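A.B. asks: From first to last, the protein sequence lines are chains A and B. Heads up: the first sequence is residues 217 to 778, going by this note's numbering. Heads up: the second sequence is residues 217 to 778, going by this note's numbering.
A portion of the hints provided could be inaccurate.
Listed next, with one range per pair, are the computed distances between beta-carbon atoms [what the hints assert, rightly or not]: (1) B:Ser-510 x A:Arg-396: 30 to 40 angstroms; (2) B:Ser-510 x A:Ala-273: 56 to 66 angstroms; (3) A:Ala-711 x B:Asp-616: 57 to 67 angstroms; (4) A:Gly-402 x B:Lys-598: 37 to 47 angstroms; (5) A:Ala-711 x B:Pro-405: 25 to 35 angstroms; (6) B:Pro-400 x A:Ser-680: 53 to 63 angstroms; (7) B:Glu-261 x A:Ala-711: 40 to 50 angstroms; (8) A:Asp-586 x B:Gly-495: 50 to 60 angstroms; (9) B:Ala-590 x A:Arg-396: 36 to 46 angstroms; (10) A:Gly-260 x B:Asp-707: 33 to 43 angstroms; (11) B:Glu-235 x A:Asp-707: 34 to 44 angstroms.
Rough simulated footprint, nothing fancy, chain A against chain B, three-plus residues with beta-carbon under 8 angstroms [as the list claims (entries may be wrong)]: (12) 490-501; (13) 545-553.
Keep in mind that the hints were calculated from the coordinates and are not lab data. These numbers come from a predicted model, not from an experiment. Every residue gets a Cβ at the ideal spot worked out from N, C-alpha and C, and that includes glycine.
There are 2 protein chains.
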Amino acid sequence: MTGTGTAQQFVDRHRETLERALSAIRERGYWSAFPESPSPRVYGEGAAEAGKAAYEAHLGRRFELGQAGTVGWVGSERSPYGPELGVRYPKADLDALLASAQAAIPAWRDAGPEVRAAVCVEIVTRINARSFEIANAVMHTSGQAFVMAFQAGGPHAQDRALEAVAYALAEQTRVPATARWEKPQGKRPPQVMVKTFTVVPRGVGLVVGCSTFPTWNSYPGLFASLVTGNAVVVKPHPRAVLPLAITVAIARDVLAEAGFARDLITLVAEEPGERTASGLATRPEVRIVDFTGSTAYGDWLEDNARQAQVYTEKAGVNAVVIDSTDDYAGMLANLAFSLSLYSGQMCTTPQDLLMPRDGIGTELGRKSVDEVAADLGAAVDKLLGADAQAVEVLGAIVSDDVLARLDGADSLGEVVVPSRAVTHPAHPDARVRTPAVVRVSADGSDAYATECFGPVAFLVTTDSTGHSLDVFRRIVGARGALTASVYSTDDKVVAAAREAALDSGVALSENLTAGVYVNQSAAFSDFHATGANPAANACLTDAAYVAGRFRVVQSRRHLPAE
Amino acid sequence: MTGTGTAQQFVDRHRETLERALSAIRERGYWSAFPESPSPRVYGEGAAEAGKAAYEAHLGRRFELGQAGTVGWVGSERSPYGPELGVRYPKADLDALLASAQAAIPAWRDAGPEVRAAVCVEIVTRINARSFEIANAVMHTSGQAFVMAFQAGGPHAQDRALEAVAYALAEQTRVPATARWEKPQGKRPPQVMVKTFTVVPRGVGLVVGCSTFPTWNSYPGLFASLVTGNAVVVKPHPRAVLPLAITVAIARDVLAEAGFARDLITLVAEEPGERTASGLATRPEVRIVDFTGSTAYGDWLEDNARQAQVYTEKAGVNAVVIDSTDDYAGMLANLAFSLSLYSGQMCTTPQDLLMPRDGIGTELGRKSVDEVAADLGAAVDKLLGADAQAVEVLGAIVSDDVLARLDGADSLGEVVVPSRAVTHPAHPDARVRTPAVVRVSADGSDAYATECFGPVAFLVTTDSTGHSLDVFRRIVGARGALTASVYSTDDKVVAAAREAALDSGVALSENLTAGVYVNQSAAFSDFHATGANPAANACLTDAAYVAGRFRVVQSRRHLPAE
Numbered sequence: 217m218t219g220t221g222t223a224q225q226f227v228d229r230h231r232e233t234l235e236r237a238l239s240a241i242r243e244r245g246y247w248s249a250f251p252e253s254p255s256p257r258v259y260g261e262g263a264a265e266a267g268k269a270a271y272e273a274h275l276g277r278r279f280e281l282g283q284a285g286t287v288g289w290v291g292s293e294r295s296p297y298g299p300e301l302g303v304r305y306p307k308a309d310l311d312a313l314l315a316s317a318q319a320a321i322p323a324w325r326d327a328g329p330e331v332r333a334a335v336c337v338e339i340v341t342r343i344n345a346r347s348f349e350i351a352n353a354v355m356h357t358s359g360q361a362f363v364m365a366f367q368a369g370g371p372h373a374q375d376r377a378l379e380a381v382a383y384a385l386a387e388q389t390r391v392p393a394t395a396r397w398e399k400p401q402g403k404r405p406p407q408v409m410v411k412t413f414t415v416v417p418r419g420v421g422l423v424v425g426c427s428t429f430p431t432w433n434s435y436p437g438l439f440a441s442l443v444t445g446n447a448v449v450v451k452p453h454p455r456a457v458l459p460l461a462i463t464v465a466i467a468r469d470v471l472a473e474a475g476f477a478r479d480l481i482t483l484v485a486e487e488p489g490e491r492t493a494s495g496l497a498t499r500p501e502v503r504i505v506d507f508t509g510s511t512a513y514g515d516w517l518e519d520n521a522r523q524a525q526v527y528t529e530k531a532g533v534n535a536v537v538i539d540s541t542d543d544y545a546g547m548l549a550n551l552a553f554s555l556s557l558y559s560g561q562m563c564t565t566p567q568d569l570l571m572p573r574d575g576i577g578t579e580l581g582r583k584s585v586d587e588v589a590a591d592l593g594a595a596v597d598k599l600l601g602a603d604a605q606a607v608e609v610l611g612a613i614v615s616d617d618v619l620a621r622l623d624g625a626d627s628l629g630e631v632v633v634p635s636r637a638v639t640h641p642a643h644p645d646a647r648v649r650t651p652a653v654v655r656v657s658a659d660g661s662d663a664y665a666t667e668c669f670g671p672v673a674f675l676v677t678t679d680s681t682g683h684s685l686d687v688f689r690r691i692v693g694a695r696g697a698l699t700a701s702v703y704s705t706d707d708k709v710v711a712a713a714r715e716a717a718l719d720s721g722v723a724l725s726e727n728l729t730a731g732v733y734v735n736q737s738a739a740f741s742d743f744h745a746t747g748a749n750p751a752a753n754a755c756l757t758d759a760a761y762v763a764g765r766f767r768v769v770q771s772r773r774h775l776p777a778e
Numbered sequence: 217m218t219g220t221g222t223a224q225q226f227v228d229r230h231r232e233t234l235e236r237a238l239s240a241i242r243e244r245g246y247w248s249a250f251p252e253s254p255s256p257r258v259y260g261e262g263a264a265e266a267g268k269a270a271y272e273a274h275l276g277r278r279f280e281l282g283q284a285g286t287v288g289w290v291g292s293e294r295s296p297y298g299p300e301l302g303v304r305y306p307k308a309d310l311d312a313l314l315a316s317a318q319a320a321i322p323a324w325r326d327a328g329p330e331v332r333a334a335v336c337v338e339i340v341t342r343i344n345a346r347s348f349e350i351a352n353a354v355m356h357t358s359g360q361a362f363v364m365a366f367q368a369g370g371p372h373a374q375d376r377a378l379e380a381v382a383y384a385l386a387e388q389t390r391v392p393a394t395a396r397w398e399k400p401q402g403k404r405p406p407q408v409m410v411k412t413f414t415v416v417p418r419g420v421g422l423v424v425g426c427s428t429f430p431t432w433n434s435y436p437g438l439f440a441s442l443v444t445g446n447a448v449v450v451k452p453h454p455r456a457v458l459p460l461a462i463t464v465a466i467a468r469d470v471l472a473e474a475g476f477a478r479d480l481i482t483l484v485a486e487e488p489g490e491r492t493a494s495g496l497a498t499r500p501e502v503r504i505v506d507f508t509g510s511t512a513y514g515d516w517l518e519d520n521a522r523q524a525q526v527y528t529e530k531a532g533v534n535a536v537v538i539d540s541t542d543d544y545a546g547m548l549a550n551l552a553f554s555l556s557l558y559s560g561q562m563c564t565t566p567q568d569l570l571m572p573r574d575g576i577g578t579e580l581g582r583k584s585v586d587e588v589a590a591d592l593g594a595a596v597d598k599l600l601g602a603d604a605q606a607v608e609v610l611g612a613i614v615s616d617d618v619l620a621r622l623d624g625a626d627s628l629g630e631v632v633v634p635s636r637a638v639t640h641p642a643h644p645d646a647r648v649r650t651p652a653v654v655r656v657s658a659d660g661s662d663a664y665a666t667e668c669f670g671p672v673a674f675l676v677t678t679d680s681t682g683h684s685l686d687v688f689r690r691i692v693g694a695r696g697a698l699t700a701s702v703y704s705t706d707d708k709v710v711a712a713a714r715e716a717a718l719d720s721g722v723a724l725s726e727n728l729t730a731g732v733y734v735n736q737s738a739a740f741s742d743f744h745a746t747g748a749n750p751a752a753n754a755c756l757t758d759a760a761y762v763a764g765r766f767r768v769v770q771s772r773r774h775l776p777a778e
């Protein structure tokens, strides 16, 4: 029973972290378990270099996982910064893989929520220790700049994982493991029963990763399913496998050390176009699906994976209602950063800037739409400045689709902030672009009312702020949104925006002018998505996100009255 | 602001009850808020007579509710005990009704979870005060005998309602209403934000009632949706409208007193065959559906009400694994009662008694299948005895379908316990029947492997107890079950049954020989259904049952650093 001893060590080791995480989700103030700074003072001298070397050691080689049902090798990742990765991953026979995953479940179920949570925290902790390796893998699959790949792909994703573990532990332990039921019977002795309540998993959880945030968007579902007793199959996007392969490898090692079967978590890689996710998602063994990606495929999963609980984060149209500001420069700088970060390739990037056509009030007087457009362009230029500086914000364009949308932006309206190509000093093959802003009228073409993923935003002119809010309700109601924001010095406008956001079911940021951006959400404090509008059917991560991943099965028996 | 004052009174009045209910769901020991005894010592002298008179005052009249969109009157209830009820209910124009329901939501949402919970407890408390009236209504729609109609349709249903309110209050208040987020920035001042978290409902919840337990099966979904801020439309079974009409009328009055719109809860009655539920369930305004009834219609709802969160309790095949016992008479008496109660017209009634064909061990020596069958028949006879006594257990047959299944029982196998017709002393038109038991071989006809709702059970002979457990896994896996039980003196067999129950996702009762029956589940202690097998996609009531009925929407804004 070495396994059990190790599992118990994990329980002891991570008790405090879990308790802190549980109080963080109750309070939703600031807390982070994993430092976001890639500084050597935090992660140690040489950590960055060692992580880069570890990343490079994967290139051009087979990524061995020792999974059941390995029948070949696949892989075709190319870095948005240029080179092919050349990593080959196991190709799986799904019958054998799923049979092995299912066989692993009962012992994992019987270990109980506390052991599972501790094992999961150990996994996340070891993932944290390999943040530099994973950051390089995220950078060279998603195209994120290095610091962003480190933060969003590393500690921020790890915090989200721990948050999911905490929510799931809390929900699983709301019901006691046993209860004594004693019903009075008047003058006769009471009826007495002992009841046992066992958390049982749904089965196999499938996690379908995306190409832009392979770890951040996958970890919540992965850990929520695993910690609730399910086995997990990870199906990465064919362009972003390596970060999840490293994740799966770490998890398999920890599970084995703790005495459980490695195949509780497996990787299913594929060549582009194989549609492995569709085959997997509709298998009877698969009872949970977590997906981040397009609305079309998310809808397909919801319609077709009927045997499973399906959690989707899809496309949305994120809007900013601009009414007035008392910090014009701060507002523009904030918007410029939000539009530029990772070339707008975030599900949370603002797309529609809604503004009255007669301009907005500022502390510098009224500003016309033309002035706002020009000043926003200047703010983007100031932020991005020299190429060497720009690429650290912009990263690289992740796919041809994104580039095609950007190239077609001038057909959608009047380009008021043009995109420019940036040459990456270290990676001349990388396609780096600054964001374009296209001016349209709210009542003209409705190109702005559907998602245009990537570095294209719309400056949408309206009759008034009231009209802007109507447009906001219409597009969020129809297409959904991951984020929304408002700029106004008028409390009544802010209140109306809050009401519109509540009615539309989208999170609102108000008057962001400093170092917090609408496209960033902090684990343990900000919820990501709401599940209350068409952009996502769930929130990452809350109680509803975890409560349906397991069930409670009871047994009961009489005790003789005492 | 009278309304607000009254709502606050409800909050003060019910604080203690809610706290007790919250601790009950954490502990899951014995607790009940509403006394189950219909004794005058509990409910007061004259309460029974007054409730009967109140029930009779509804007969042959219009049931006025004052709902938006009332365009006519419908109703066709006939008591299983004989007479037509003659009550006429509002016929609704659904466009007008749903528009009014939707318009009522924002103020209800803005009231917050605590006020909503208190208003709901006030509703349940007033329902409790009308338990005798509702008991008569349940008796004369479902066919339950009076005491059962009182208990299951009254206090037990009320306890389930309060349980749902408690779970929903707990889940809604896990997230704080506001949080202060303060992120350190090294030597610079911290970033500080204030965040607001608001519980928002999904929209309109539809509750589709059944004919056998119009209140007990409807209250959990009704109160779970209402207390989470949704409006609720109640669509009763056309044969069992009155208990829910009384419920809706009480709720509307309390909502109005508290300052909210009555149309937050409405009744949609119909003539048989109108298929109003299908029309309602697929309306875009309807975002939650709760259903109890047939597998075919539950599956239809899951497949078609795609815009809604759908909670279904469908048919199942409840099995008893009989291996051995040290209380042969107790086991038989317990089984006889479980099969006879309400003529087996409960979703929790055992259907398949699985037993080795070479008999079972007892404290009186080995008993052959023939002996067990004969002794079970004798136990049924002893329980039911004279007709006047029998009808108080059996109630009346609720529908022609049930009677047809009973009449066809002899075509399914060898009838080893025959059904007999009982004449109701007070209601000669009532169709009252004792249960039939049909002997089949596990490997013969598979009639026993699908639900046969009503007073027909199967004595299924197997090769061994191991074989019985295999059959158990097979039928529960394929058809689902609401209950399961095992009789064995062998700890290894009980452990194997527990494992089979966990794997199949069904609650297990072990060796019930005294006053607790497998078909009874106690609110606040026993979960009803699990959501882990095909008989139901949800458990009534746990956290997962309530957590998806609302979402949390946040807003955030900067505070200057202090």
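A.B. asks: Could you work out which earlier hints the structure fails to respect and list their numbers in ascending sequence?
C.D. replies: Those not satisfied are hints 4, 6, 7, 10, 12, 13.
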